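Construct the complete structure from the given sequences, taking the supplied hints into account.
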Amino acid sequence: MPSLVFLALLLGMCGGETLCPNKTELDTCLAKLMPHMPRSGLPDNPRQLTTMCRAFKGGMMCVDRYTAKCMRPVERASLELHLQGARSTLAFLCDDPIFKREYLSHAKCIREVRTDWDRCHLQFKHLVGKEHSKSNLTQTQRDHNICCIRAKLLKCVYGTGFLKCGRLEAIFLQKMTATLSYSDVHQEKCRHVILHTCSLAHHAAHPATALITILSLILLSCFKLVT
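Heads up: the sequence shown is residues 4 to 230, going by my numbering.
Incorrect hints may have been included.
Said to hold, decoys possible - Within a straight-line C-alpha distance of at most 25 Å, the following computed DMTMM-like cross-link-like pairs (lysine to aspartate or glutamate) qualify:
(1) K60 x D99
(2) K103 x D121
(3) K72 x E115
(4) K178 x E78
(5) K72 x D30
(6) K167 x D121
(7) K167 x E115
(8) K72 x E28
(9) K111 x E172
(10) K158 x E134
Source of the hints: derived by calculation from the structure; they are not laboratory data. As the structure is a computational prediction, the values presented were derived from the model and not from experiment.
Below, the structure written as structure tokens:
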């Protein structure tokens, strides 16, 4: 599914009824930007990166105009909490010259790990989706389980990067995936969850350390490394 569609989906996930009868205006705005999104996911050269950033920022502007017109202040504030992570990711990838330079220096590796990165990502999406569908869990249990799934995602990404590219590239891919896999609002809450504590959780309940919102899936899908 095209990247910008997930911004529209987020509106339905994070807010209640809007003041507008439908999202036609928003859909039209986003549709104009779709042709400018890269077909192959993450860009691997400066021109593609500039084009993607311009299109994605345009998508955020579409959302901002829609929410200003169609959402009540309380609903806008709630949505903005979820969008903070997306805005931060955009600033990180599009506006930080140091990170942008580092990112482009790993373009060759990014191309080489596309298939394996996608495998890690799809498994993450599948498992998080299953957690949200379980009705017999407390929120505490669900939060911890999702943090554990994320820890496995980061291990998976590091492993494929290390095998195909090297240690430095693997560290970068892991760092980038960590940024994309949840919003800054909840960034601190998974800090102390590691795979060792996750394995222990199968035998004893573990305190909640995270609430990863549906934005986790949205951000990762926005930067999906496949054609």
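Tested hints:
1. K60 x D99: Holds, because 14 Å separates the two Cα atoms, which is no more than 25 Å.
2. K103 x D121: 22 Å, holds
3. K72 x E115: With Cα atoms ~44 Å apart, K72 and E115 exceed 25 Å; violated.
4. K178 x E78: 31 Å, violated
5. K72 x D30: Cα-Cα ~14 Å, so holds.
6. K167 x D121: Status holds; Cα separation ~14 Å.
7. K167 x E115: 7 Å, holds
8. K72 x E28: 11 Å, holds
9. K111 x E172: Within the cut-off at roughly 10 Å; holds.
10. K158 x E134: 19 Å, holds
Violated hints, listed in ascending order, are 3 and 4; each of the other numbered hints is respected by the structure.
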